[in-house]
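For the sequence shown, the positions run -7 to 568 when this note's numbering is used.
Be aware that a few hints might be false.
With a Cα cut of at most 25 Å, we get these calculated DMTMM-like pairs of lysine to aspartate or glutamate [unchecked claim]:
| id | residue 1 | residue 2 |
| --- | --- | --- |
| 1 | K300 | E95 |
| 2 | K201 | E95 |
| 3 | K253 | E221 |
| 4 | K300 | D103 |
| 5 | K301 | D103 |
| 6 | K301 | E95 |
| 7 | K253 | E55 |
| 8 | K253 | D414 |
Label pairs and their in silico Cβ distance ranges [claimed, not checked]:
| id | residue 1 | residue 2 | range |
| --- | --- | --- | --- |
| 9 | G40 | Y146 | 51 to 59 Å |
| 10 | F135 | V34 | 49 to 57 Å |
| 11 | V309 | V26 | 53 to 61 Å |
| 12 | W536 | R143 | 18 to 26 Å |
| 13 | L53 | N246 | 12 to 20 Å |
| 14 | T138 | W54 | 51 to 59 Å |
| 15 | P235 | V51 | 19 to 27 Å |
| 16 | E345 | V295 | 53 to 61 Å |
| 17 | A535 | Y146 | 19 to 27 Å |
| 18 | R560 | E52 | 52 to 60 Å |
In case anyone wonders, no lab produced these hints; they're calculated from the structure.
Everything numeric in this text was worked out from a predicted model, so none of it was measured.
Using N, Cα and C, we set each Cβ at its ideal position, and we do this for glycine too.
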Amino acid sequence: MANSVIQQRRSAIRTDTLQRQLTGWQRPEWLALVLPMLITGVILIPIGLLALEIFTPTVELWERMWNTFLPRVLWNTVRLVVGVGIGTFLIGTMFAWLVTAFEFPGRRWFDHMLLLPLAIPGFIIGFIYVAAFEFAGPVQTAFRDTFGLGRGEYWFPDITAPGGLIFVLTLVLYPYVYILARAAFREQAASTFEAAQVMGYSRMQSFFKLVLPMARPQIAAGTILAMMEAMTDYGTVSFFGYPTLSERVVVIWNTEYDLSKAAELSMLMVFVALGMIILERSLRGRAKYYQQGGRGRRPRRTVLSGWKKWGATFACVALLVTAFFFPATQLVAWAAAEIQNPTVGLWQETFTEYTVNSVVLSGSAAVIATILALLIAYGVRATSSHGSRFIPRTLSRLVTLGYAMPGAVIAAGVLVFVNPLDGPVTDFAANNLGWASPAYVLTGTITALVYAYIVRFMSVGFNSVESSMDKVTPNMEGAARTMGAGSWRVLTRIHMPLVGTGMAAGAILIFVDVMKELPATLLLRPFGMDTLALWTYFLSSEAWWEAASIPALTIVIVGLIPVFILMRVGDNEVDA
-7 MANSVIQQRR SAIRTDTLQR QLTGWQRPEW LALVLPMLIT GVILIPIGLL ALEIFTPTVE
53 LWERMWNTFL PRVLWNTVRL VVGVGIGTFL IGTMFAWLVT AFEFPGRRWF DHMLLLPLAI
113 PGFIIGFIYV AAFEFAGPVQ TAFRDTFGLG RGEYWFPDIT APGGLIFVLT LVLYPYVYIL
173 ARAAFREQAA STFEAAQVMG YSRMQSFFKL VLPMARPQIA AGTILAMMEA MTDYGTVSFF
233 GYPTLSERVV VIWNTEYDLS KAAELSMLMV FVALGMIILE RSLRGRAKYY QQGGRGRRPR
293 RTVLSGWKKW GATFACVALL VTAFFFPATQ LVAWAAAEIQ NPTVGLWQET FTEYTVNSVV
353 LSGSAAVIAT ILALLIAYGV RATSSHGSRF IPRTLSRLVT LGYAMPGAVI AAGVLVFVNP
413 LDGPVTDFAA NNLGWASPAY VLTGTITALV YAYIVRFMSV GFNSVESSMD KVTPNMEGAA
473 RTMGAGSWRV LTRIHMPLVG TGMAAGAILI FVDVMKELPA TLLLRPFGMD TLALWTYFLS
533 SEAWWEAASI PALTIVIVGL IPVFILMRVG DNEVDA
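Starting from the given sequences, assemble the full structure and let the hints guide the process.
Next up, the structure:
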């Protein structure tokens, strides 16, 4: 009797499984498709609302902006973006080629340590260089004392000039190009250089005629990414008194409280960002570059000798000192002086409060964005495996748009979205949930701020989770479905344990990015709630360098976490 019941249950399971396999549109797969689409739609709402502003422009407003500040701001933005693009391209490509193609003292260390400037946000290194090289700073003071000069009796580069701003942003953004260029150069097979030698090319001729053109897609991607980061920067340009589109959006909202004006200017930035994405695609070109034997032996490095090897070492040391060790040492010195200050108890109390705020915001955004990224990545994988490639391809591209937009633009889009909802939502909360606060439920709350973070940095978590999920063999998922497991069970029992590393990496990256985020936090934070980034920005704006060093140093230490992860990844790449 028992055997008969067991056989009936097994037969029912096989029948149910067969029905699942024969059904073209299954309920679990429908859920796997609809849920990612809903999440993606919610993420894109702020950007979409700003894009719709192009169909209802306020002519008088644009005329007024054009007659006052817009031409200057546009020119400043273009000059900054182009300057940073040229600087990061030259430095990132040159040093990537140096550590990849040549052998010199310290090369293996420099190969990883050149990533360190990624840990320092632009507004932090900006105020350090201004404090050090301004007229009253220690560098010019020592220069005047040494040569007995007074004001107006000598020339010294103005660090606050546009060239100084481009220099500072180039120092912190060149690793974007360096990482991708180094990876591209490493993929070059040794046979490529052997063929070049047969053709009579020297090492440098091979670089310009073969290596550089083949690495063009990666270098273009890194350069455009650095340019977009420069365009979206607020803290550094504001500190240098250099108005750009991103800076104007924040100023308009903070000073004029004119949401429509900020939204329409943000709309302009949306199309500028999209234009830069299209530029990156065009720079890649239509040609596709394939590495023949790219998994085989790598090119043999040329061993430098004489002054060349020491020149290469000196160049790497000079770049590292300028971009990382000098700013980090200055922060440590200021922090040590501030800790010895008699009012040490004041900054300790403030430091604890702002650190808790930063951790809560960063942690909340990291956890929520990673979970949503997992659901989207799983939906992309599920629909791809059933032959529907247009939908997953579209989702994977749309979800990355937020990272291409400035924080100020995302904040303006969130305000445009939540403002009309605040009245009805607040009334509903008051009437049905006992909400007694006179404040709104959405505007000026952590909810809106975390939502902006998710829209801005979802791409980071999605890319990390998707790359890990692609490594999960389909056989495991197929075996689970054969046993009758649905989408939710496959996700929680198969995929989540296997993509845990990718989820953790994505969460860490989002946490660090949110910790450094400035414009979105400045526009959307609840009243009286400041973070380490805002604390650093406010103190440095008042030239309180030593007080600003403690939160700045904390941000740098946290920023070193993903850099060390990248170094570990680099350590796993063994030369043949």
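We went through each hint and held it up to the structure:
no.	hint	result
1	K300 <-> E95	holds, 10 Å
2	K201 <-> E95	holds, 22 Å
3	K253 <-> E221	holds, 23 Å
4	K300 <-> D103	holds, 17 Å
5	K301 <-> D103	holds, 15 Å
6	K301 <-> E95	holds, 8 Å
7	K253 <-> E55	holds, 12 Å
8	K253 <-> D414	holds, 20 Å
9	G40 <-> Y146: 51 to 59 Å	holds, 55 Å
10	F135 <-> V34: 49 to 57 Å	holds, 56 Å
11	V309 <-> V26: 53 to 61 Å	holds, 55 Å
12	W536 <-> R143: 18 to 26 Å	holds, 24 Å
13	L53 <-> N246: 12 to 20 Å	holds, 18 Å
14	T138 <-> W54: 51 to 59 Å	holds, 53 Å
15	P235 <-> V51: 19 to 27 Å	holds, 23 Å
16	E345 <-> V295: 53 to 61 Å	holds, 55 Å
17	A535 <-> Y146: 19 to 27 Å	holds, 23 Å
18	R560 <-> E52: 52 to 60 Å	holds, 56 Å
The structure agrees with every numbered hint stated previously.
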